Structures are given as structure tokens and as C-alpha cells.
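**Student:** Produce the complete structure using the sequences and hints provided.
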Amino acid sequence: MNACVKVKNLLSRYLDQETSQADTAFVEAHVHTCPLCRKELSALAQVKNVITTRQRKALPEEYVVSRLREQLDAERVMEQQPSWLENIGGLSRKLIPVPVGVIAVSLIFFMLISGQQVKSLEDSLLNADSTTTEMALDVILGE
Amino acid sequence: MPGVVCNLWKNSSKFSGINPGFVRLIYGSGEKMNEDRLYIEQFLRGDEKGFEMLVKKYQNRVLNIVFSLIGQDRESEDIMQEVFMKVYHGLRSFKEQSEFTTWLYRIVMNTAYDFMRKRKNFVSDEAILEQGVAAHGGPKDVLLAQEKEAMIQKALGSIPVQFRAAVVLKDIEGLSYGEISRVLKCRIGTVESRIFRARQLLKETLLRMGGMTL
Numbered sequence: 001m002n003a004c005v006k007v008k009n010l011l012s013r014y015l016d017q018e019t020s021q022a023d024t025a026f027v028e029a030h031v032h033t034c035p036l037c038r039k040e041l042s043a044l045a046q047v048k049n050v051i052t053t054r055q056r057k058a059l060p061e062e063y064v065v066s067r068l069r070e071q072l073d074a075e076r077v078m079e080q081q082p083s084w085l086e087n088i089g090g091l092s093r094k095l096i097p098v099p100v101g102v103i104a105v106s107l108i109f110f111m112l113i114s115g116q117q118v119k120s121l122e123d124s125l126l127n128a129d130s131t132t133t134e135m136a137l138d139v140i141l142g143e
Numbered sequence: 001m002p003g004v005v006c007n008l009w010k011n012s013s014k015f016s017g018i019n020p021g022f023v024r025l026i027y028g029s030g031e032k033m034n035e036d037r038l039y040i041e042q043f044l045r046g047d048e049k050g051f052e053m054l055v056k057k058y059q060n061r062v063l064n065i066v067f068s069l070i071g072q073d074r075e076s077e078d079i080m081q082e083v084f085m086k087v088y089h090g091l092r093s094f095k096e097q098s099e100f101t102t103w104l105y106r107i108v109m110n111t112a113y114d115f116m117r118k119r120k121n122f123v124s125d126e127a128i129l130e131q132g133v134a135a136h137g138g139p140k141d142v143l144l145a146q147e148k149e150a151m152i153q154k155a156l157g158s159i160p161v162q163f164r165a166a167v168v169l170k171d172i173e174g175l176s177y178g179e180i181s182r183v184l185k186c187r188i189g190t191v192e193s194r195i196f197r198a199r200q201l202l203k204e205t206l207l208r209m210g211g212m213t214l
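Residue numbers (our numbering), protein chains in the order written: chain A, 1 to 143; chain B, 1 to 214.
I should point out that these hints are in silico values taken from the structure, not numbers from a laboratory. From a predicted model like this one, the values you see are computed outputs, not experimental measurements. Worth double-checking, as some hints may not be accurate.
[To be verified] Derived BS3-like pairs: lysine-lysine, alpha-carbon spacing no greater than 27 angstroms straight-line: (1) A:48 <-> B:154; (2) A:57 <-> B:140; (3) B:154 <-> B:140; (4) B:57 <-> A:48; (5) A:39 <-> A:6.
**Tutor:** In C-alpha cells form, the structure reads like this:
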């Protein structure tokens, strides 16, 4: 039984002719006398044969080469085309930050002004005379 | 002249990329450059014919490895193209520290793995089987052959990808355990056990599917 275990572990390697001379002789001697191991070897050989002899796919040589040429030509065209930034030109590229800066300053200015206006409105509501406030409440309460 | 070895390349289709009557004189040790190295050198000198010769030599091998791994026709062609694009762009930095085939097959494996990672929802093997049989209404033996092919592919697709890769490189491509270990970057013992496990699983699957009888 120990021999069978050892041989079974060697069968795949033996099929692939990757066993040492000693192991090859050992496997062959054992398989000659052991029907179970012989059957196992036959099964593994069938599996190997099924894969080894399966149909091979083949493409025409020029088909693959021409597809690659097309893709490489397309890559070269893309590399040669300048990017949108390069298209703008040197002086124009330097001026790009100007309008960006103007917009940023405008936004900050607007935010500051808005803040001031809100503050003014709050102040006027807090400082309004009592008459005006009472009149507003009368309107709201319907008196 | 001592130490001079004259190699006359035959004008066969295998060497059609090299000029007919091309003669290479090798001095000294007599070491013979292999064909791949010649094509690479040709490419590096600026002659893209060298790259084309490499493509022609390996295109079907790459295609069959990829198809055995992923089981899809059109996608196999796309992956094969992607592999050769990577070869084209990487050939200048290929330092020849390994054989060209080791480097090439590593690219094949990595590209196929990337595809399998991204496309987990690819067509199932049953669908491949049905499409193959339905689309080719032909003689019975042709249909049977197609069914058998689909069955083999289904069996391959059912085993873990690491086992599949090892057994494909061994039984489809015929690499040695040592070559496979360099491609997959693992020990030879690991290659052996993966191939062993792959065959055990394939045996069980093929017996169950009726693709094999003992």
C-alpha cells in the first residue's frame, strides 16, 4: 500500500517525463504488477491526451499583423496630435490665470458685500422703534 | 578557418522574414543565437519586420493558451492583440535576463488574469456549448467534435485558475516544469502539484460529463 501511495504521487510527473531515473524505474516496475495503479496511470494519460490533442485554433498570419499595425498607427497619430493646452499657444497659456483670478476676486467681494447687507438688516430690525414694531405685531395678530 | 561556423538559413516560410541566402558567420565559441534573439535584434535595429516575425511565430500559441484559460473566441483574439502590443512597447526594455518565451508567457498570463478579474460575468460554458452546437448545423461528426471541444473547455473552466494555468502551459504548450515555474514564478514542486491536482479534477469532471470512459 505504501508503494501505491508513493507511485500515485509520482504518476503525473512520470507522464510528463519529469521523474528521475530511479523514480521512473520504480513507477514502471510497480505499475507492471499493480492493476489499480496501472488503471490510475491510464486514466491520467487519457486526461493528458484529451488536453494535448484538442483542436488548436489558428488565425491567418497577416490578419494579426495587420490588426497590430492598425493599432500602432492609431497610437502614433494620437501621439502626434497636440493636446488642447499645447494648441493654445505660449502667451495665451500665460494669460489663463488672469480671468480665473478676476472671477475669484469677484466672488470674494460678493460674499463680503452680502455679509454686510445681512448685518445691516439685522441691525435695523433690532433697532426699530417700538411704534413700528407694535404696528407690525397688530397686523400679524389681526387686532 | 578555425572556429568559423557558417549557418546557411534555408529559404523556407519559417525564415521568410530573413533575406534568402542569409549567411551568419559565428566565430569563437560557435554558440548559436536562437531565432527569437535574431528577431529581437532586428527589431531593436529599427526594422519592425523582426517584431512581425515574432508575432507570426507565436500568435497561435498565445491564442490557444488564452482560449484555454478563458474559453471565449473573440475575447481571446483581443487579449492576444493586447499581449503583442505590450510586447511591442516592452521589447526595448526586455533585458534578455530570461528567455523571450518566459517573458512572453508571463505577459500572456498577467493579461489573461486581468481579463478574468474584470469580467466575472462572462458567458458560461453551457452557453458556449449551446452556441457552438446551434450555430454550426453540419455533419454529425463535426457537431460531435464541437461538443467534445466545448466539454473540454467546460472542464478546464471548472478547475481553479492556478491549476488551469499550469496544466495549460504543460499540455497545450508543452513547457517543462522548470519553464512553467519561471513563467508562473513559483517552485517546481508547486508546478508539479498544481498539474497533478488539475488532472485529478479534470478526470473527475470529464468522467461525470461523459467526456471520458475508463
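**Student:** Hint by hint, note whether the structure agrees.
**Tutor:** Comparing the hints with the structure gives:
As the CA atoms of residue 48 of chain A and residue 154 of chain B are separated by approximately 16 angstroms, the hinted pair is consistent with the 27 angstroms bound. Between residue 57 of chain A and residue 140 of chain B, the direct Cα distance comes to roughly 21 angstroms. Compliance with the 27 angstroms bound is thereby established for this hinted pair. Of the pairs offered as hints, the one joining residue 154 of chain B and residue 140 of chain B holds, with about 21 angstroms between alpha carbons and a cut-off of 27 angstroms not exceeded. With a C-alpha separation of about 25 angstroms, the suggested pairing of residue 57 of chain B with residue 48 of chain A holds against the 27 angstroms cut-off.
Between residue 39 of chain A and residue 6 of chain A, the direct Cα distance comes to roughly 15 angstroms. Compliance with the 27 angstroms bound is thereby established for this hinted pair.
Checked against the numbered hints above, the structure violates none of them.
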